[in-house]
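**Student:** Residue-level listing of the chains:
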Amino acid sequence: MATTFDLNDDSVVVVIGTGAGGGTLANELAQKGVKVVSLEAGGYHEPQDFIQDEWASFGQLAWLDARTTSGDWRVSRDFSGLPAWIVKSVGGSTVHWAGASLRFQEHEWKTRTVYGNVPGASLLDWPIDAAEMDPWYTKAEDKLHVTRTGDRPGLPGNNNFKVFEAGAQALGYQDVHTGRMAIKSQEGPDGTPCQQMGFCFQGCKVAAKWSPSYDEIPKALDTDNYELRTQAHVLKIEHDDSGKVTGVLYADKDGNQQLQKARVVAVAGNSIESPRLLLNSASSMFPDGLANSSGQVGRNYMRHMTASVYAVFDKPVRMWRGTTMAGIITDESRHDPSRGFVGGYEMETLSLGLPFMAAFLNPGGWGRDFTAALDGYENMAGMWLVGEDMPQETNRVSLNTDVLDQYGLPAPNVHFDDHPNDIAMREHAWQQGQAIYNAVGATRTFPTPPYPSTHNLGTNRMSENPRDGVVNKWGQTHDIPNLFVSDGSQFTTGAAENPTLTIVALAIRQADHIAREMAAQNI
Amino acid sequence: MIETKGPKGLTRRELLSRATAASASFVVGAGFVAGRDAAWATELTAIKPETFATLVQMARDIYPHDHVGDKYYAAAVKGYDTDDDAGTIELGINDLNAAARNAGYDSYLAMGWERDRVDILRGMENSPFFQQIRGGLVTGLYNQKEVWPLFGYEGESFTKGGYINRGFDDVDWV
Ligand SMILES: Cc1cc2nc3c(=O)[nH]c(=O)nc-3n(C[C@H](O)[C@H](O)[C@H](O)COP(=O)(O)OP(=O)(O)OC[C@H]3O[C@@H](n4cnc5c(N)ncnc54)[C@H](O)[C@@H]3O)c2cc1C
Ligand code: SF4
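One line per chain: the protein sequences are X and A, in this order. With my numbering, the residue at position 266 of the first sequence is 279, and numbering never jumps. With my numbering, the residue at position 164 of the second sequence is 176, and numbering never jumps.
Calculated directly from the structure, the hints in this document are not laboratory data. Note that beta-carbon positions come from the ideal geometry of N, C-alpha and C, so glycine has one too. Treat the hints with care, as some may be off.
[As the list claims (entries may be wrong)] Result set (BS3-like, lysine-lysine): computed pairs, CA atoms no more than 30 Å apart in a straight line:
#, chain 1, residue 1, chain 2, residue 2
1, A, Lys83, X, Lys328
2, A, Lys157, X, Lys328
3, A, Lys90, A, Lys157
4, X, Lys152, X, Lys45
5, X, Lys486, X, Lys48
6, X, Lys152, X, Lys232
7, X, Lys48, X, Lys152
8, X, Lys257, X, Lys274
9, A, Lys172, X, Lys328
[Stated by the list, open to error] Examples of chain A residues lying across from chain X (beta carbon under 8 Å, computed):
#, residue
10, Ile74
11, Met136
12, Val150
13, Trp185
Start from the sequences and build out the full structure, keeping to the hints where you can.
**Tutor:** Given below as structure tokens:
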């Protein structure tokens with residue numbers, strides 16, 4: 014209970030970040046008796062603290078430290094200082110997340126083999142496959158109470174879903190349902206089921222939606238092996254002459270620098286901060302940054318092919334009522350190059366409140382063309398399109414030495430160019446999305462461009478060969494045995510599915526590996 | 013009504029605009045602006061009243077919602093009424109009026125048709141001033157809780173127990 018560890022205690026595992034990856038890893042390790050210190054840049058917010066007001070919540074939770082963008086993606090034009098919409102808080106981006114929890118399809122672990130050589134893409138097969146991941150997925154689904162897995166029923170369909178479902182059926186789509194969601198659908202010992210509040214993106218005030226902030230961290234705190242330090246922003250990872258990491262330097266809540274020693278360090282700061290931290294930890298021994306002998310740290314940044322379709326009808330929809338994303342069509346997620354692109358995409362219901370709709374429907378838009386759309390807000394339905402994007406070496410997180418953060422460290426620059434495959438897939442998805450709504454009488458449809466990235470992946474990718482990536486099949490860096498990466502940046506490729514279930518499954522599996530390797534004195 | 017876009021000269025359009033001075037708001041006195049229908053009035057500390065009235069019209073022309081009253085547009089731009097911002101705003105509105113005069117009108121507010129005013133705005137769409145005003149309105153206007161019901165948006169639901177018993181699935185027309 015409320016354990017504290019000494020800064021000089023070099024027997025602890027330090028986990029950086031408490032999001033989907035780091036929060037899960039920390040609790041899993043603590044449950045196994047491993048001593049863990051979590052360092053989290055954000056503060057602790059209890060469910061009652063969450064604010065059901067889009068901008069107020071954004072101000073409370075979003076990661077707003079200096080970032081820059083470049084590349085031809087529209088986000089760079091529309092939101093030049095906000096490449097990604099992610100969270101600085103205990104729980105990380107899962108405070109915001111909608112809960113869509115899908116397994117990768119079998120072929121998506123081996124896209125280099127299945128898709129072949131796609132010019133301009135740095136596709137690579139994962140060093141693991143569906144069979145290997147199956148038991149870990151099951152554990153993750155149980156942990157997250159994912160609906161429509163195990164014996165858990167689906168959520169009821171809300172207004173937005175009913176319109177979506179009718180359109181999908183009219184078009185002949187087969188696989189349409191209220192999704193596999195990390196949202197409790199029934200009363201049980203584990204807490205309250207979904208109350209259809211409609212603010213999943215703002216933090217679930219009844220904790221029906223899984224987040225480490227109330228589902229993992231408190232359980233870790235109940236053991237004697239765990240300490241959580243909030244407002245602890247890690248600046249640098251330190252190493253010794255043998256090339257092993259020895260601890261991390263962080264700024265505490267008063268801005269004072271502290272050095273926490275460690276036996277093992279696990280980086281889980283999301284796919285922008287994790288590579289940035291490795292790059293900012295460069296030393297004379299590792300001049301290009303830690304774990305970067307391959308030169309791949311920060312590269313192959315993926316953000317999923319995304320887009321939305323909103324549609325206005327002649328009758329009210331009131332899409333904001335109820336779960337934000339409980340609705341899916343999976344028919345287009347298959348790999349079928351006859352559509353003009355490799356890989357596939359998911360179609361998922363999505364609702365934004367009026368304030369966010371004004372900001373995201375058509376960023377920069379104005380005049381009657383724009384406002385007439387918002388005048389139809391009450392009659393609007395919406396969906397999000399999310400598919401596999403192509404990894405490209407030149408899409409990368411790098412250090413921008415011209416812009417410093419509040420600690421004087423170079424800010425991350427996020428460079429992204431759409432691959433032709435991403436563009437072809439987006440066009441197809443826009444067409445299909447609009448067709449769905451037109452089939453049920455839409456009077457106007459809006460092919461809406463991508464938002465700042467919510468799915469940030471791939472910048473410390475997993476590879477069989479140390480030459481091709483940053484970490485091995487356990488998320489252990491190829492270069493430094495006691496340094497791990499535990500978040501979405503491990504992704505070799507992105508698959509069509511929302512990533513978090515996979516991040517959690519990998520973290521559970523990694524905890525097993527770290528505990529085993531520590532017991533065997535290998536690390 | 014269709015009008016040709018001619019250069020200067022006394023056009024029917026200009027006559028009309030002079031006759032009606034089509035502003036939705038008018039200057040009541042030093043440091044005070046009110047809506048024509050007296051639905052709103054605001055005291056100013058730094059911006060000139062004429063300037064503010066023009067700014068309110070500009071705000072409406074950027075995001076026109078005919079069912080949303082001027083007081084919400086005024087509230088959305090009221091934040092610029094500070095010593096820090098007033099200079100920029102006066103300069104920007106000066107440019108706007110200069111463009112209106114170029115098009116043959118006395119001022120931006122004297123332009124009767126939204127379409128003509130929007131032409132002026134299009135011409136300055138990429139200016140930092142226009143972008144500042146437009147960008148500010150995205151939150152300044154649409155994040156006013158009082159505006160939400162005008163679009164049917166219901167806002168927070170926690171204090172009412174969510175929508176589970178309040179119509180989350182009440183669509184009956186599909
Ligand atoms: C609006 C929204 C909706 C989403 N919906 C879904 C969905 O339906 N399904 C899905 O699968 N995914 C969804 N996601 C994505 C999902 O949230 C992320 O994929 C997931 O949380 C990423 O996990 P992570 O561990 O990589 O990073 P995060 O969860 O972002 O955690 C990173 C943590 O590290 C901390 N940190 C970073 N740098 C430092 C540092 N230097 N020192 C200390 N701490 C640091 C951060 O504060 C943060 O707490 C959504 C995201 C958003 C924003
Ligand atoms: S809709 Fe359900 S899951 Fe989403 S915030 Fe509300 S109660 Fe939580």
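**Student:** Does each hint fit the structure? Answer for all of them.
**Tutor:** Going through the hints against the structure:
Annotation: proposed proximity of Lys83/A to Lys328/X holds, straight-line Cα distance about 29 Å (limit 30 Å). Between the alpha carbons of Lys157/A and Lys328/X the distance comes to roughly 24 Å, so the proposed pair stays at or under 30 Å and holds. The suggested pairing of Lys90/A with Lys157/A holds, with an alpha-carbon distance near 16 Å, which does not exceed 30 Å. With a C-alpha separation of about 15 Å, the suggested pairing of Lys152/X with Lys45/X holds against the 30 Å cut-off.
Simply put, Lys486/X and Lys48/X have alpha-carbon atoms about 23 Å apart, close enough for the 30 Å limit, and the pair holds. For the given pair, Lys152/X sits about 16 Å from Lys232/X by alpha-carbon distance, which is consistent with the 30 Å threshold. Distance hint between Lys48/X and Lys152/X is fulfilled; the C-alpha atoms sit about 22 Å from each other, no more than 30 Å. A threshold of 30 Å between alpha carbons decides the hint, and for Lys257/X with Lys274/X the separation of about 12 Å falls inside it, so the pair holds.
A distance of roughly 25 Å separates the Cα atoms of Lys172/A and Lys328/X; the hinted pair therefore holds under the 30 Å criterion. For Ile74/A, the interface hint holds, since its Cβ comes within 8 Å of a Cβ in chain X; the closest pair sits about 5 Å apart. Nearest Cβ of chain X to the Cβ of Met136/A: about 12 Å, over the 8 Å cut. The hint is violated. Hint on Val150/A holds. Least Cβ distance to chain X is approximately 5 Å, under the 8 Å limit.
Given the 8 Å rule on beta carbons, the hint for Trp185/A holds: about 5 Å separates it from the nearest Cβ of chain X.
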